[in-house]
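**Student:** What follows is the residue order along each chain.
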Amino acid sequence: MATIKVERPKLSAGEKIYFGAIFKGMLITLRHAYRSLLGKSTGASDLNSSGIGITMQYPEQKWDHQLPEYYRGTPALVTDEQDRERCVSCQLCEFICPPKAIKITPGEIPSDNEWAKVEKRPKEFNIDMIRCIYCGMCEEVCPEQAIYLRPDYVVTGNSRKDMVHDKNRLYEIGGKRVGLVNKWNDLK
Amino acid sequence: MDTVFLIAAALKIGVFIGITMSFVSVCVIFERRFSAIIQDRVGPNRTMVPLSILGFKKDLALPIGGLTQPVADGLKFILKEDFTPSYVRKFFFWIAPALVVVPALLTMAVIPFGSPLELDGHYIPMAVADLNVGPLFIFAIASLSVYGITLAGWASNSKYPFFGGVRSCAQMISYEIALGLSIIPVLMMFGTLNLGHIVEYQTHHGWLLLPLWGEGLELQRWILLIPMAIAFVIFTTSIFAETNRMPFDLPECETELVGGYHTEYSSMKFALFFMGEYAAMVVGSALIVTLFFGGWSLGFGIDQMLPMGEWWVSLLHIAVFLAKVTFFILFFILVRWTVPRFRYDQLMNLGWIVFFEAALINVFLAALVIARPSIGTGGFLGGLALLFVVTILLIKIAKSAADKPSHSTI
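Quick mapping for you: the protein sequence lines, in order, are chains A and B. Mapped onto the numbering used here, the consecutive letters of the first sequence carry residue numbers 6 to 193. Mapped onto the numbering used here, the consecutive letters of the second sequence carry residue numbers 176 to 585.
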């Protein structure tokens, strides 16, 4: 391999004085400042900037429509098209959950109920969102397709208790899902 | 000592220290917002008034673009744990932050903030101490702050702070000389060391770097502009070095020295170092404005039309002065985000080989220009030729000195 000797470039007198370069540099930084104040920074429109620089300001501006289809946000329970709770409290998700965030108290469906043949539904279903690691194993393991990871990611609270999602909250996030397995109803 | 003087002095101390401290926080917010927009960011823009601490439901969000950020920063520093490592030299470790802040605030005493106020036939100068040795006092006190930095580095008993302290020491010494020499042409022109009189002169005869009215329109002043501009460049650069600002912030130097001399400091002690640095920056800009840009004067002959001594004129002049200082603070920040940090040997070369010689030659150049009317054109040109030969010789000598390998290790 040939040795390449790199010579330092010869500087002209103007370059040696150094002030020209500093002045040019200041103009560049000032132009950046000026353009970011006007919201005209390079890439500002592509990045959906808030008007200063290229930054999008979070709580007011969100980029949720850019979330991928497979985004794993908060886990939530869903009902089917007849508003039946899909969950049959088999507790598989509770057992698979790596950080043990899910806690289910199973309950029986009374025999006079329309869905008595399903036999069980959760009496209580708590997911501790402090523990949850959004791994999606509960969704994968669920035989009834009752639990899904939704694209919601804003889970906040002022206390540990606030961070535990109970059954009502989970159904509120999850909503209704149609067109999945219809094991228990007569639609198929 | 009459009562008017005493009361005025006490008031001035309170007000001017207050102005300086609030300018320190202005510096902080400017530093953060201005550097943010330079880097195409937003910066801290949503600090609220924390009413929820007082038991209210919600924090009050004012549409002031995060101007309360310095308050939040200060609160954070006060409430943080003040940790003193077990291996430090306690006494010096504790005294060092104060040694940085106190000189920076002391130098504020001689800066004239506004035009003198007339009260009961007394003229009260708008400087805490109207000393006849203003710039000398500032240089003497400001260079004391290096003790704080060096002591902090040494007392931390840890290697990176120590490097920071030693660097600061060497840097201060090498730039102090250029700083002192660079304003000698300025002082020769004014013929006084009283900052108040210097500003007064500029009010009537044009700012030093903008001689557009009064005596400033004479040819002599425009020739003088050459040595004055050189003095301005050297002085400003040396102020950057003196206040440890960016192109010369080797004592801090995050990339090499962790945090420099304040690596082991936390909480309010750390904040004091920062306050000292920013206060020095404020005083530095105030000094530049006072010497080269006419201090509190509005300029363009407007000051002569105003009734001097009225309270509103004084206030107006204080506002003008603060606006000029703000401009220079912004300039400091702009330079910080433009010029990369110097290498240590480059810094030493610049201080000892370039600026020291340039300032020295500049003194003689200014002397020649000032003496031009009395020695005549022939003498002036002869002097210029002699100075030119000496300059070439000096550059030759400096070059041969710079080419020798440097053994600096720190």
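Please note: incorrect hints may appear among the correct ones.
Capping the alpha-carbon separation at 25 Å, the derived lysine-lysine pairs in PhoX-like fashion look like this [claimed, not checked]:
id, chain 1, residue 1, chain 2, residue 2
1, A, 128, A, 108
2, A, 45, A, 122
3, A, 108, A, 122
4, A, 105, A, 125
5, B, 255, B, 444
6, A, 108, A, 15
7, A, 125, A, 67
8, B, 574, A, 166
9, A, 45, A, 67
10, B, 571, A, 21
11, A, 15, A, 29
12, B, 233, A, 166
13, B, 444, A, 15
14, A, 67, B, 233
15, A, 15, B, 232
16, A, 108, A, 21
17, B, 574, A, 21
18, B, 251, B, 232
19, A, 67, A, 122
20, B, 444, B, 334
No wet-lab data here; the hints were simulated from the structure.
**Student:** Now tell me, hint by hint, if it's right for this structure.
**Tutor:** For each hint, the structure was consulted:
In summary, the hint linking residue 128 of chain A to residue 108 of chain A is supported, as the alpha carbons are separated by about 11 Å, within the 25 Å threshold. Note on residue 45 of chain A and residue 122 of chain A: the hinted pairing is violated, with a Cα-Cα distance of about 63 Å set against a maximum of 25 Å. For the suggested pair residue 108 of chain A and residue 122 of chain A, the alpha carbons sit about 24 Å apart, so the restraint of at most 25 Å is met. This hinted pair checks out: residue 105 of chain A and residue 125 of chain A have alpha carbons roughly 22 Å apart, not beyond 25 Å.
Distance check on the hinted pair: residue 255 of chain B and residue 444 of chain B sit about 11 Å apart at the alpha-carbon level, within 25 Å; holds. Between residue 108 of chain A and residue 15 of chain A, the direct Cα distance comes to roughly 73 Å. Violation of the 25 Å bound is thereby established for this hinted pair. Proximity of residue 125 of chain A to residue 67 of chain A is assessed by CA-CA distance (about 40 Å); at most 25 Å being required, the pair is judged violated. For a cut-off of 25 Å, the pair hint linking residue 574 of chain B to residue 166 of chain A is broken: about 73 Å separates their Cα positions.
A C-alpha spacing of about 20 Å is found between residue 45 of chain A and residue 67 of chain A, which places the hinted pair at or below 25 Å, so the restraint holds. Taken as a hint, the residue 571 of chain B and residue 21 of chain A pair is honoured in the structure, with Cα atoms around 15 Å apart against an allowance of 25 Å. In summary, the hint linking residue 15 of chain A to residue 29 of chain A is supported, as the alpha carbons are separated by about 20 Å, within the 25 Å threshold. Our distance criterion of 25 Å between C-alpha atoms is met by residue 233 of chain B and residue 166 of chain A, whose separation comes to about 21 Å.
Restraint check: the Cα-Cα separation between residue 444 of chain B and residue 15 of chain A comes to about 47 Å, which exceeds 25 Å; the hinted pair is violated. A C-alpha spacing of about 23 Å is found between residue 67 of chain A and residue 233 of chain B, which places the hinted pair at or below 25 Å, so the restraint holds. Distance check on the hinted pair: residue 15 of chain A and residue 232 of chain B sit about 67 Å apart at the alpha-carbon level, beyond 25 Å; violated. For the given pair, residue 108 of chain A sits about 72 Å from residue 21 of chain A by alpha-carbon distance, which is inconsistent with the 25 Å threshold.
Among the hinted pairs, residue 574 of chain B with residue 21 of chain A is consistent with the structure: their alpha-carbon atoms are about 13 Å apart, no more than 25 Å. In summary, the hint linking residue 251 of chain B to residue 232 of chain B is supported, as the alpha carbons are separated by about 22 Å, within the 25 Å threshold. Using a Cα cut-off of 25 Å, the hinted pair residue 67 of chain A and residue 122 of chain A is violated, with the two alpha carbons roughly 44 Å apart. In summary, the hint linking residue 444 of chain B to residue 334 of chain B is supported, as the alpha carbons are separated by about 19 Å, within the 25 Å threshold.
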